[in-house]
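Asker: Knowing the structure of chain D, use the given hints to seat chain G on it.
Residue numbers (the working numbering), protein chains in the order written: chain D, 367 to 701; chain G, 367 to 701.
The hints are simulated quantities; they were obtained by calculation from the structure and are not laboratory data. Among these hints, one or two may not hold up.
Have a look at the derived ranges for each label pair, beta carbon to beta carbon [as the list claims (entries may be wrong)]:
| id | chain 1 | residue 1 | chain 2 | residue 2 | range |
| --- | --- | --- | --- | --- | --- |
| 1 | D | T547 | G | P370 | 52 to 58 angstroms |
| 2 | D | G471 | G | R536 | 51 to 57 angstroms |
| 3 | G | N517 | D | T585 | 39 to 45 angstroms |
| 4 | D | R540 | G | R570 | 31 to 37 angstroms |
| 5 | G | P370 | D | I394 | 54 to 60 angstroms |
| 6 | G | G543 | D | R536 | 19 to 25 angstroms |
| 7 | G | G543 | D | A670 | 45 to 51 angstroms |
| 8 | D | G471 | G | N517 | 50 to 56 angstroms |
| 9 | G | E413 | D | R536 | 45 to 51 angstroms |
| 10 | D | T547 | G | D591 | 32 to 38 angstroms |
| 11 | G | S397 | D | T547 | 36 to 42 angstroms |
No residue lacks a Cβ here, since even glycine has one placed at the ideal position from N, Cα and C.
Number of protein chains: 2
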Amino acid sequence: MSKPFVVGIDIGGTNTVFGIVDARGVVIASSSIKTAKHNNITDYIDELHTELTKLITENNAVDKIHGIGIGAPNANYFTGTIVDGVNLPWPTPIPLAQLVSEKFGIPVAITNDANAAAIGEMTYGAARGIRDFIMITLGTGVGSGIVINGNLVYGHDGFAGELGHVIMKRNNGRLCGCGRTGCLEAYCSATGVARTAREFLEIRNEPSLLRNIPVDEITSKDVYDAATAGDKLAKDVFDYTGDILGQALADFTTFSAPEAFILFGGLAKSGDLLMKPLRNSMEKNMLPIWKGKVKILLSELKEADAAVLGASALGWEAKTAEMTIVPPASASAVN
Amino acid sequence: MSKPFVVGIDIGGTNTVFGIVDARGVVIASSSIKTAKHNNITDYIDELHTELTKLITENNAVDKIHGIGIGAPNANYFTGTIVDGVNLPWPTPIPLAQLVSEKFGIPVAITNDANAAAIGEMTYGAARGIRDFIMITLGTGVGSGIVINGNLVYGHDGFAGELGHVIMKRNNGRLCGCGRTGCLEAYCSATGVARTAREFLEIRNEPSLLRNIPVDEITSKDVYDAATAGDKLAKDVFDYTGDILGQALADFTTFSAPEAFILFGGLAKSGDLLMKPLRNSMEKNMLPIWKGKVKILLSELKEADAAVLGASALGWEAKTAEMTIVPPASASAVN
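Bound-form chain D, shown alone:
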C-alpha cells in the first residue's frame, strides 16, 4: 500500500518546524521545537522524535509516512550530512539523514534550504510545469536552487547552487560571511540591504526617515517602511539592490537559460520597490538572445508553510536509509 503522507522538517538556527503533508501539498498539521535547546545532537533528535511522533499519532498518520524530507543549512543530499553547520549548536559533520532515519525507521532525504524551496516550488508552487528555473532565496543570506530539465542540480559533490557567492564587485567589495569579498549575498540579502542603507546614510547628507533609527539597528524592514513612506534615500537603496540582483540574474541566464527565476523570502515581498529596478537591470544587462524572454516570478508557497512544504516535497524522493546515506564515489572526496 502506498503511503499517503510525507513529513517536512525545516531546521533553522532558532526553530525547527515540522509538519505532515499530503500529496496535494496540504499541511495537515505542524509544530516546532527550539533548535538550540540541546547542546547534544542525540538529545535534539530525541525531542524531535517525541514531538513528531505525537503529531503523527494525533493525526492518525502512524505507518502512513512515505518519507521524511529535511531542509537544513549546508545539508548535502548525496552524503546525508550537514557540513560546517553555520548557526547550529552541534559539531559538524552531522550524519543527519542516518540519525533521523534510524530513529524513525522511515526513509530520510536532506538538502539545503534553498534546494528544498526549489523542490517545493516545483511540486506545489509557482514552478509547477516549468522544467528549467532558478530559485533565488532572499533572506538573511542569498541562496539558490537550480532546476534543469526537471531535475535539481546537485553537482558532482552535492553542493551545487551557491549563487549567493558569485562575485558581483571585484574591487573594494564588501566582506561576506564566506570570508571572501564582493559576493552577491553581501548586497542582495536582507542584511545586505541594511548595509547599503548604512553606507548611503554615511556618505550622503540628505535627510532620511532612517536617520531616526540608531544606525546599527537598521533592518531591511526599516528600509522598506521608509521607502514605502516615500523616503528618497530608502528608495535608492532598493534601486541599488535591484540593479545588482538584475546584473546577477542576467549572468545566471547564460548558464542554464532558465524559463524563469523564482524569488522567495522576505525581500521578495518588497513589491515594485525591488521588482522594478530588478527587471530593468536584468533586461538592460541581458545577452540580446534572451532580452524579454526570461520571467521573474514570485514564490507561490504560503509563507507560514513554505519551509515545511519545501522540505516535505523531498520526502517523496526519500529512499531506504542505505541508499540515502551512502555517498557516491565522486562525493566521497568532499569530507
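Answerer: Coordinates of chain G only, in the frame set by chain D:
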C-alpha cells in the same frame, strides 16, 4: 541491424569539415569544403551532399550511417536552426537540421560548436566517466558546453551555456562582439589576449619583443612566442588572462559544482604560461568548500579531428527528422 557509423560535420566561417566516425571514435575518413563559396544555402548543401556521398561510398558506408551530427555557430538543438549565424554567408534563421536530413535521408542533430566539443569530450576524450564538467573553448571567442549528471545543458530554449558572455568587468569593460561590455570573451579569447597585449604596450614603457610587430597585427600566437622567449610583458599578458579566467571558473563552480573544467582550443595549449596563473587564481577565488577540489583538465581530442569528433558524437543521439526539427512548446517563443 544497428548502423556502425556516424557522420560529424563542423561548420566554421571558412571551412566545413566532415568525417565518418565509428563507435570507438576513430575518424575513418574526412574531407572538407569551403563554407563561404556559395551565397545560397541550397547550393552549399548540394555540394556538401556530393562530397559527403563520395566519402561514404568510397568507404563502403552506404546505409551504415546511424545519424549526422553538426556543430555550427549559434545552432539550436531544439529547433534544428541556426540563428544569427555570425560568420556564415546565408540569411538566418537557417533550418539546417531539416535541410540536411531531407537531402541525405538520415537523422540529423545540430548544436553549437562548444556543446559539440563537450559531447565529443564526454564520448571520446578527457571527460569519459565524468558526469559533471564544464567545457570551456578558448578560440576566437570563448564558448562553453555544460554537462550536469551526464546530460548536456540546453536550457529551456536550447541556448544555454554562453559562459563567454558572463560579465567580468562591470566598470570600463571592453566592448564585446555581443554589443555589451566586460564579457569574459573580450579578455580570455585569442583575440582578447591580443587586445591585452596592445593595451599593455600602450600603457607601459618597458621594452618588449612585441614592439617589433605592427601593433594592429599582433596575435595571441605572437604573444605566446614572445612569452616563451622570456618576454616579461608577454608573460604578464598571460598572467592577466589566467587571473580573469580563474575568477570566472571559481564563479562557475558555484553554479553546478563540476568535477572538472576541460579546456579546449588554441589558448588551452599555452602550457604553464596560462595554466599556472589560471590555477592560482581559481583557487584563490574559490568558495572555501571547493578549494583544491575542482580539476582543470585539457582536452584529449586530437586537434585535427576534434571538431568532427565532437559533432559526430551528437550523431548517435540524432532522431528521425520529425523529432529533431519540431521545437518543443517552450522553445517556440525564441524565434
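Asker: May I ask which of the numbered hints given earlier this structure violates, with the numbers listed in increasing order?
Answerer: Violated hints: 8 and 11; rest satisfied.
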